[in-house]
Amino acid sequence: MNKTVTLKENRQFKKIYSHGTSFVNNLLVLYIQPNNLSINRLGITVNKKIGKAVVRNRVRRLIRESYRLKEMYIDVGYDIIFVSRMRAKDANYHDISSAMHQLLKKAGLIKL
RNA sequence: UGAGUAAGUCAGAUAGUCGCGUGUGCAGUGCCGAAAGGCCGCAUACGAGGAAAGUCCGAGCUCCAUAGGGCAGGGUGCUGGGUAACUCCCAGUGGAGGCGACUCCAAGGAAAGUGCAACAGAAAUAUACCGCCUUCCGGUAGUUUUACUGGUAAGGUAAGGGUGGAAAGGUGAGGUAAGAGCUCACCAGCAGCUAGGCGACUAGGCUGCUCUGUAAACCCCACCUGGAGCAACACCGCAUAGAGGAGAGUUAAGUUGGCCCGACGUUCUCCUGGGUAGGUGGCUUGAGCCAUGCAGCAAUGCAUGGCCUAGAUAGAUGACUAUCGAAUACAGAACUCGGCUUAUAGACUUACUCGUAUC
RNA sequence: CGGGGUUUAGCGCAGUUUGGUAGCGCACAUGGUUUGGGACCAUGGGGCCGGGGGUUCAAGUCCCUCAACCCCGA
165 MNKTVTLKEN
175 RQFKKIYSHG
185 TSFVNNLLVL
195 YIQPNNLSIN
205 RLGITVNKKI
215 GKAVVRNRVR
225 RLIRESYRLK
235 EMYIDVGYDI
245 IFVSRMRAKD
255 ANYHDISSAM
265 HQLLKKAGLI
275 KL
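For the first sequence, counting from 1, position 78 maps to 242 in this note's numbering; every step adds exactly one.
I should point out that these hints are in silico values taken from the structure, not numbers from a laboratory.
Misleading hints may appear alongside valid ones.
Once the Cα atoms are required to be at most 25 Å apart in a straight line, the calculated BS3-like pairs of lysine-lysine come out as [what the hints assert, rightly or not]:
| hint | residue 1 | residue 2 |
| --- | --- | --- |
| 1 | Lys216 | Lys275 |
| 2 | Lys234 | Lys172 |
| 3 | Lys253 | Lys270 |
| 4 | Lys179 | Lys270 |
| 5 | Lys269 | Lys216 |
| 6 | Lys253 | Lys178 |
| 7 | Lys234 | Lys269 |
| 8 | Lys178 | Lys275 |
| 9 | Lys172 | Lys212 |
| 10 | Lys275 | Lys213 |
| 11 | Lys178 | Lys213 |
| 12 | Lys270 | Lys216 |
| 13 | Lys216 | Lys172 |
| 14 | Lys213 | Lys269 |
| 15 | Lys234 | Lys253 |
| 16 | Lys253 | Lys172 |
| 17 | Lys269 | Lys212 |
| 18 | Lys275 | Lys212 |
| 19 | Lys269 | Lys179 |
| 20 | Lys275 | Lys253 |
| 21 | Lys216 | Lys253 |
| 22 | Lys178 | Lys270 |
| 23 | Lys179 | Lys213 |
Now the in silico label distances, taken between C-beta atoms and shown as ranges [to be verified]:
| hint | residue 1 | residue 2 | range |
| --- | --- | --- | --- |
| 24 | Ala217 | Asp239 | 28 to 38 Å |
| 25 | Arg232 | Ser202 | 17 to 27 Å |
| 26 | Asn189 | Tyr237 | 13 to 23 Å |
| 27 | Tyr181 | Asp239 | 16 to 26 Å |
| 28 | His265 | Thr209 | 28 to 38 Å |
| 29 | Val219 | Pro198 | 30 to 40 Å |
For every residue, glycine included, the Cβ atom is placed at its ideal position computed from N, Cα and C.
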């Protein structure tokens, strides 16, 4: 299994925010845009308003872990960004995982 | 057994499955590359805190002139010691609080000078508004002495009055026309002398004195103090910019935190040769940690032995399951140390104080 | 990560240097003017000066500490 490739630069994020498609539920926001590559690239945004460094780290790790366990089922060729919403600061792993699954299903990137 | 004081420790553990970062080792006629090397794979070791936080102090390190001189500015402020240094720590002194164990204190100088003290009050650092008293000038009664009473009059007086945070040492007695440290007794404070202590300071006696508060107002005294910060800085690197070196010239602009000096230097000629993005170093062996012994009341120092314990660069510690009585607080390294301050569920250890009960 | 700044009436800002009465504009309320409204004129209300502690007789102002917000540096 290949390592997860991440989006790093601010202008890549801005481009996907303005040109991509978005899906929302109560914990997360999902932006996707086709990238014409044979892999998926992941971006994670956790706003400073959500809490201090410990809270932000935890939310980011939960998102990353959820994505890692779903990555093999997701269609390839997309840039994917997850943005955490305020309520995610109290969520546990199961909440994040099911919220992510719901959004990916809505976007049509995942089967079953 | 209850209430409390001080000092200190821990900050979930264990097992399993999956996953991440760094180091080390191994392997493949695998991929990229001219090569060095990098990527992918497997194994293994290690992998956030007591505050990593706030950035309030002090240092190391780097650059600015080899970090220079004067002034201004800033900091500290009982004494002695500790430390690389400190606005830190230890031991004392004085003051405040507590029955006590003990805790807290920016705690030099107001008797060098200046400023300020609103409102109120007669008056705010020197004062006479009311009052008290004397004299003078009147009025009434009276033979005079005298008694009562009045004044755009002259003085004395800080006892009494109300104001204020503060009214000129306090209380009592003597004294006086009325009063006043004017005198005396006791008390309080200040200065000098004496004795003890390295010192802050303490003690009693003698002599002199009675002075408002404010220095987290200016200031005085003593000591310290150049600026910026790892996004510092150094190196690699593709082009014309620019930069560096040597020489000449000048003090008009600029840099060196402010001003003056001093220094550098914009300008011209010659020589070398290259900015941004990006990459590498700085980056973890250090005033380090642990144990024992010695010196010291202690902070701490010295000696011996042992150990290596995150180093990322969009930023690594997470998820699930089971067991343990509950696993739940505050919270995430970013150049590195020493402190301070602030946040913090719960558990535990030691010493001590006050009370209750029993012997 | 490192520097720096701001916080005062519903909103935008003075006042902090040199401590003593907290002010300006817009907005708000009432009255006048107008046939009515706007504009204009007059009057008035509204503040524990971001939180806590200290110095002082007295703190928005001086000192310490905590918080929130904003700006700058590759």
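Hints, verified against the model:
no.	hint	in the structure
1	Lys216 / Lys275	violated (36 Å)
2	Lys234 / Lys172	holds (21 Å)
3	Lys253 / Lys270	holds (23 Å)
4	Lys179 / Lys270	holds (22 Å)
5	Lys269 / Lys216	violated (31 Å)
6	Lys253 / Lys178	holds (24 Å)
7	Lys234 / Lys269	holds (12 Å)
8	Lys178 / Lys275	violated (28 Å)
9	Lys172 / Lys212	holds (17 Å)
10	Lys275 / Lys213	violated (34 Å)
11	Lys178 / Lys213	holds (19 Å)
12	Lys270 / Lys216	violated (31 Å)
13	Lys216 / Lys172	holds (21 Å)
14	Lys213 / Lys269	violated (28 Å)
15	Lys234 / Lys253	holds (21 Å)
16	Lys253 / Lys172	holds (23 Å)
17	Lys269 / Lys212	violated (28 Å)
18	Lys275 / Lys212	violated (33 Å)
19	Lys269 / Lys179	holds (23 Å)
20	Lys275 / Lys253	violated (28 Å)
21	Lys216 / Lys253	holds (10 Å)
22	Lys178 / Lys270	holds (23 Å)
23	Lys179 / Lys213	holds (23 Å)
24	Ala217 / Asp239: 28 to 38 Å	holds (34 Å)
25	Arg232 / Ser202: 17 to 27 Å	holds (19 Å)
26	Asn189 / Tyr237: 13 to 23 Å	holds (19 Å)
27	Tyr181 / Asp239: 16 to 26 Å	holds (21 Å)
28	His265 / Thr209: 28 to 38 Å	violated (19 Å)
29	Val219 / Pro198: 30 to 40 Å	holds (33 Å)
Hint violations for this structure: numbers 1, 5, 8, 10, 12, 14, 17, 18, 20 and 28, all remaining hints satisfied.
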